[in-house]
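S.K.: The chain contents come next:
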Amino acid sequence: MLDILLSDFFQRALIGGVLIGLTAPLIGIFLVLRRLSMIGDTLSHVTIAGVALGFLIEVYPLAAGLVFAVLASFAIEKLRKAYKSYAELSIAIIMSGGVALASLFFTLGMGYNTDVMSYLFGSIYTLDTTDIYMVGGVTIIVIAVVVMFFKEFFLLSFEEDAASVSGLPVKMMNMIITVLTALVVSTAIKIVGALLVSALLTIPVAISLLLARSFRSSIVLSVIISEIAVIGGLMLAGVFNLAPGATIVLLLISLLIVTLVGKKGFTT
Amino acid sequence: MEPAAQDCHQPIIQIKNVSFHYRDQQVIKDLNFTIKERDFVGMVGSNGAGKTTLLRMIVGLLPAVEGSIELFGQPIRKFQDWERIGYVPQKNSFNPLFPATVREVVMSGLYNRKKMFRRLTRLDHQKCEDALEVMRIQDIADKRIGALSGGQQQRVFLARALINRPDLLILDEPTIGIDAETQAGFFELITHMHAHHHMTFLMVTHDLDMVKDYLGESPVSQNGKIQFYVRHSHEIENCAEVDLQHSLV
Ligand SMILES: Nc1ncnc2c1ncn2[C@@H]1O[C@H](COP(=O)(O)OP(=O)(O)OP(=O)(O)O)[C@@H](O)[C@H]1O
Ligand SMILES: [Mg+2]
Numbered sequence: 020m021l022d023i024l025l026s027d028f029f030q031r032a033l034i035g036g037v038l039i040g041l042t043a044p045l046i047g048i049f050l051v052l053r054r055l056s057m058i059g060d061t062l063s064h065v066t067i068a069g070v071a072l073g074f075l076i077e078v079y080p081l082a083a084g085l086v087f088a089v090l091a092s093f094a095i096e097k098l099r100k101a102y103k104s105y106a107e108l109s110i111a112i113i114m115s116g117g118v119a120l121a122s123l124f125f126t127l128g129m130g131y132n133t134d135v136m137s138y139l140f141g142s143i144y145t146l147d148t149t150d151i152y153m154v155g156g157v158t159i160i161v162i163a164v165v166v167m168f169f170k171e172f173f174l175l176s177f178e179e180d181a182a183s184v185s186g187l188p189v190k191m192m193n194m195i196i197t198v199l200t201a202l203v204v205s206t207a208i209k210i211v212g213a214l215l216v217s218a219l220l221t222i223p224v225a226i227s228l229l230l231a232r233s234f235r236s237s238i239v240l241s242v243i244i245s246e247i248a249v250i251g252g253l254m255l256a257g258v259f260n261l262a263p264g265a266t267i268v269l270l271l272i273s274l275l276i277v278t279l280v281g282k283k284g285f286t287t
Numbered sequence: 010m011e012p013a014a015q016d017c018h019q020p021i022i023q024i025k026n027v028s029f030h031y032r033d034q035q036v037i038k039d040l041n042f043t044i045k046e047r048d049f050v051g052m053v054g055s056n057g058a059g060k061t062t063l064l065r066m067i068v069g070l071l072p073a074v075e076g077s078i079e080l081f082g083q084p085i086r087k088f089q090d091w092e093r094i095g096y097v098p099q100k101n102s103f104n105p106l107f108p109a110t111v112r113e114v115v116m117s118g119l120y121n122r123k124k125m126f127r128r129l130t131r132l133d134h135q136k137c138e139d140a141l142e143v144m145r146i147q148d149i150a151d152k153r154i155g156a157l158s159g160g161q162q163q164r165v166f167l168a169r170a171l172i173n174r175p176d177l178l179i180l181d182e183p184t185i186g187i188d189a190e191t192q193a194g195f196f197e198l199i200t201h202m203h204a205h206h207h208m209t210f211l212m213v214t215h216d217l218d219m220v221k222d223y224l225g226e227s228p229v230s231q232n233g234k235i236q237f238y239v240r241h242s243h244e245i246e247n248c249a250e251v252d253l254q255h256s257l258v
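Those sequence lines, one after another, are chains A and B. Using my numbering, read the first sequence as starting at 20 and increasing by one per residue. Using my numbering, read the second sequence as starting at 10 and increasing by one per residue.
These aren't lab readings, by the way, just hints derived from the structure by calculation. Since the structure is predicted, the reported quantities are computational estimates derived from the model, not experimental observations. From the three backbone atoms N, C-alpha and C, an ideal C-beta is built for every residue, glycine too. Mixed in with the good hints, there may be bad ones.
To be verified - Pulled a few chain A residues facing chain B out of the computed Cβ check, cut under 10 Å:
| hint | residue |
| --- | --- |
| 1 | F168 |
| 2 | L174 |
| 3 | E178 |
Looking at chain A on its own, in the form it has when it is part of the complex (with noise of 0.2 Å):
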């Protein structure tokens, strides 16, 4: 039983888990404390569009997914703009368009196979050679900018008018954490599903606020944090056939519960 755990597919898994694991919080923490951690589901709805979209005209499902997710991250961006400091409004517009798009895809296409499952809720099963290139290219990517841009990213999520002041291009840093956070989460969901990548981009950030005192050291926490989650929660799936979206969701809840009690964080 415990053989699945050295299986080529559970290999690939666990490569892609351990870059994902990376990556999400170290975008997770900017969208958290700008108070758009609510992005992340909005771009998994529209990946998913893309992905249906991918099995319907038979294009590599992820790529049509990660154009769809980087083509409505413009769209948020835009529409942030006309209905400023309603940042959640445009979100919420986005994402019904996302799942309607992906249902109208659905149903264009009906009687493909549970593949289309293991998009919505993470597989080990499904990582293909393909999939770990795209992950690996969007982890350098990713760690790139985030660390060219660190100071300006910290400034620009403590307070955005103090970076305006400073003269930073407020504007196009905030496009490019948008678009990084398209990257992350079309990657992410064929392992951790799109139903809950957003999981993965906001709870470990969750927990290393309740912990952490410095921005540094956030950063590193979220992202060991995630990491357990996501080893261990893959290795719950495998072993017990279970989806590993909801194995690593459910581990990071515990984490927090346990954080929560811990910290005596439930003050009254």
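Given the coordinates of chain A, assemble chain B with the ligands onto it according to the supplied hints.
M.R.: Chain B with the ligands in isolation, oriented as in the chain A frame:
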């Protein structure tokens, strides 16, 4: 109260025929005002007079609807030298759960356009320690910003504004929520900086006593409900001193 004819101080902020309105509410109407190098300007006015709005236009966060604003002799659109300006907004809109230490926040005063793609140097870290020391917050440097009192937070934001040793310091009600003793200390600190460092001040305050003590009994000009009290630079130094300073820079 016209400045002396041979005044050698350069204009730092020039506001010409500026008007501003939100949707249908006129806030500032046809304002003309010039602040020169090393002036200390106190802005006073009732709540909703438009003081914060004016400061936000000066730092480029709001576009003037009409008229023009020049900073250091350049139109605001072309202005690049933001590190010459320290700005402490009225309410800091940061999220109290934000995981940032005092040191990280003060350091962020250095993160401007010119510093993009550059690493922080040892000199930058030294500047940060100096700013912490000036505001006497070294002992809380590793605390989380959200865990501090309002007065302590205000010192942190001041330290952040001072880290670049700006030529112009813009303060929007810097002593709000600070106890009387700390407030007195704070005014002493900024008037000391005004007297001994080559800095220009633009400060919004409701503390008329402080204003009248340092800036004189009556306002130099008025626009709508906003009054400007000024201690002109030519009152504290003459042109020979200015020339000397310029030759040292
Ligand atoms: N974002 C905004 N949208 C619409 N109206 C605004 C906005 N900000 C301020 N106002 C209005 O503009 C007027 C001036 O506001 P401002 O904040 O500049 O006043 P202030 O002089 O700084 O007051 P205070 O002493 O209370 O800080 C007020 O009547 C306010 O209601
Ligand atoms: Mg105000």
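S.K.: Now tell me, hint by hint, if it's right for this structure.
M.R.: Comparing the hints with the structure gives:
1. F168: holds (8 Å)
2. L174: Check passed: Cβ of A/L174 comes within 5 Å of chain B, closer than 10 Å.
3. E178: holds (5 Å)
Hint compliance for this structure: no hint is broken.
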